[in-house]
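Asks: Listed below, chain by chain, are the residues.
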Amino acid sequence: MTKKIEAIIREEKLNDIKDALHAIGIVGMNISEVRGHGRQGGITLVGRTGTYQVDMLPRIQLNIVLSDKNVERTIEAICGAAKTGNIGDGIIFVYPVDEVVRIRTGERGHEALMYEGDIDTLPVQE
Amino acid sequence: MGFFCSGKDIKESKTMPSVNSGDTAWVLIATALVLMMTPALAFFYGGMVRKKNILSTLNLNIIVMALISVQWVLIGYSLAFGPSTIGLVGNLAYAGFNNVGDAPNAAYAPTVPHIAYAAYQMTFAIITPALITGAFVERVRFKTFLVFIALWSTFVYGPVAHWVWGKGGLFHNLGVLDFAGGTVVHVTAGFSALMFAWVIGPRKGYGKVTMEPSNIPFTILGAGLLWMGWFGFNGGSALAADGVAANAIMTTNTAAATAGLVWMLLSWRDSKPSVLGIVTGAVVGLVAITPASGFVSPLAALVIGGVAALISYNAIKFRQRLQLDESLDVWACHGMGGLWGALATGLFASKAINPAGADGLFYGNPGQFLVQALTVVVVAAFSMGVTFVLTKALDKVMGLRVSPNEEEVGLDISEHGEHAYS
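Sequence lines, in order, name chains B and W. Just so we're aligned, residue 1 is where the first sequence starts under the working numbering, counting upward by one. Just so we're aligned, residue 1 is where the second sequence starts under the working numbering, counting upward by one.
There may be inaccurate statements among the hints.
Stated by the list, open to error - To spell it out: a stretch of chain W is covered by chain B in this simulated footprint if at least three of its residues, at any positions, have a beta carbon under 8 angstroms from a beta carbon of chain B; those stretches are:
no.: 1; stretch: 275-286
no.: 2; stretch: 306-318
no.: 3; stretch: 383-389
Everything labelled a hint here was simulated from the structure, so no lab data went into it. Please read these numbers as outputs of a predicted model, since none were measured by experiment. For glycine and all other residues, C-beta sits at the position ideal for the given N, C-alpha and C.
When you get a sec, could you build the whole thing from the sequences and use the hints?
Replies: In structure tokens:
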């Protein structure tokens, strides 16, 4: 089974998280800039005089697709690097993926996700 | 050598015996510096609006350069500086730049060509209505705006410039001091902005949704260029490359610097030292020193700038409490900064700095302060009155604002069919 991990993270934690993911053998990923808020509601910014409230905060959405045997390790790596303990650290969603196609080769499914040295090519660690 | 004694030389030496090349060079450079302030203002304002309105806001300023340049040649210069009609407005002797040539106009600038003086003054006539645009950004209907600006320049700027600066002008005859336009430029623009904002009403969602500045770096760039351009604005107003010009540049810089620092401290006291606040403070200092720059000492400029920041900072807070969407605080920064500067000129002016000026209250001449106060009160009331009539009439005839849907989409697309970023 193939899964997609979608993690909403702090912008400033992206580098730490990338390093943590590389360390466990995650090769492919993509990110997008998103805005939103969870329970913390927003932040206060300073204007000409006094402050104003901004409710949609900039965050990074990190997308990774991999086989489900490695999902837990990946989640652990992301949480380990993304956590500050303060409100606003983010959230992780995991979805099933129906199909994967690598455009260059036409490979499908699990094959399309394999890179040399990728986490999915390594033996599962316990 | 008769060759050099051509007919042209003889003619020139007869018609313009007193043109000074140093003075003329400085006035021409100052003309370019002040012209640059209008695009600088465009960026200062543009950075503070939402990104769907940034082109519209830049354009409100840029188009004023084009519109008023034409108005100035046709009629504007003559209304302001033409021979006086009972002290109220210039007559049409200089309309179409008739009689405005290379011979100096001794009434205004005896050592530079008349046309250089008129060109220099044009750059002031351009930036003044551009200042008002901060009041109604993000909702004004463009074609109505064009008509408003042309009428405002003709019925407010021209007459007020004549009252204060024109030979034979109403307040000029009373001896009012306005070195570079604290009253003519900033009080007219600031108080007209207040009235325009009141008539047009707030932006859709004002006070309910956050209206974030789209590009504060643009605002800082604009403020920096304004600061630089202001050396031409105030220094050039000496109309000579002399000690008064140098003093004006030094007082200008001192007031800007002090006001920026004071604003930083106020912002810090309330939360953190906002960069937007610091540059706003610098501009407020520049506004306040404008009428005084050629008449006061650098130490007086320090006080004028520092107090200006206190006044404008609190004026913004007051305006916010009224829930009046004078969007970019033209009144608080230019109206109140200019008003304070005009009054401060009546306090700190000294003949020791500029023998052509006058002494203020602190140098034993309370009458000067009264003349300054009378002038700003009349000019502020007149500016608001004419702006009220113009905006109400134009609202009836053409409509002042775009439709609610056009406003939500943003003026870049709805008024200009363009977007700032692809």
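Asks: Hints first: check each against the structure and report whether it holds.
Replies: For each hint, the structure was consulted:
Coverage of a stretch by a chain is defined here by at least three residues with a beta carbon nearer than 8 angstroms to that chain's beta carbons; for the stretch 275-286 of chain W and chain B the count is 3, and the condition holds. Coverage of a stretch by a chain is defined here by at least three residues with a beta carbon nearer than 8 angstroms to that chain's beta carbons; for the stretch 306-318 of chain W and chain B the count is 3, and the condition holds. For the stretch 383-389 of chain W, the proposed coverage by chain B is not satisfied: 0 residues have a C-beta within less than 8 angstroms of a C-beta in that chain, short of the threshold of three.
Hint compliance for this structure: hint 3 alone is broken.
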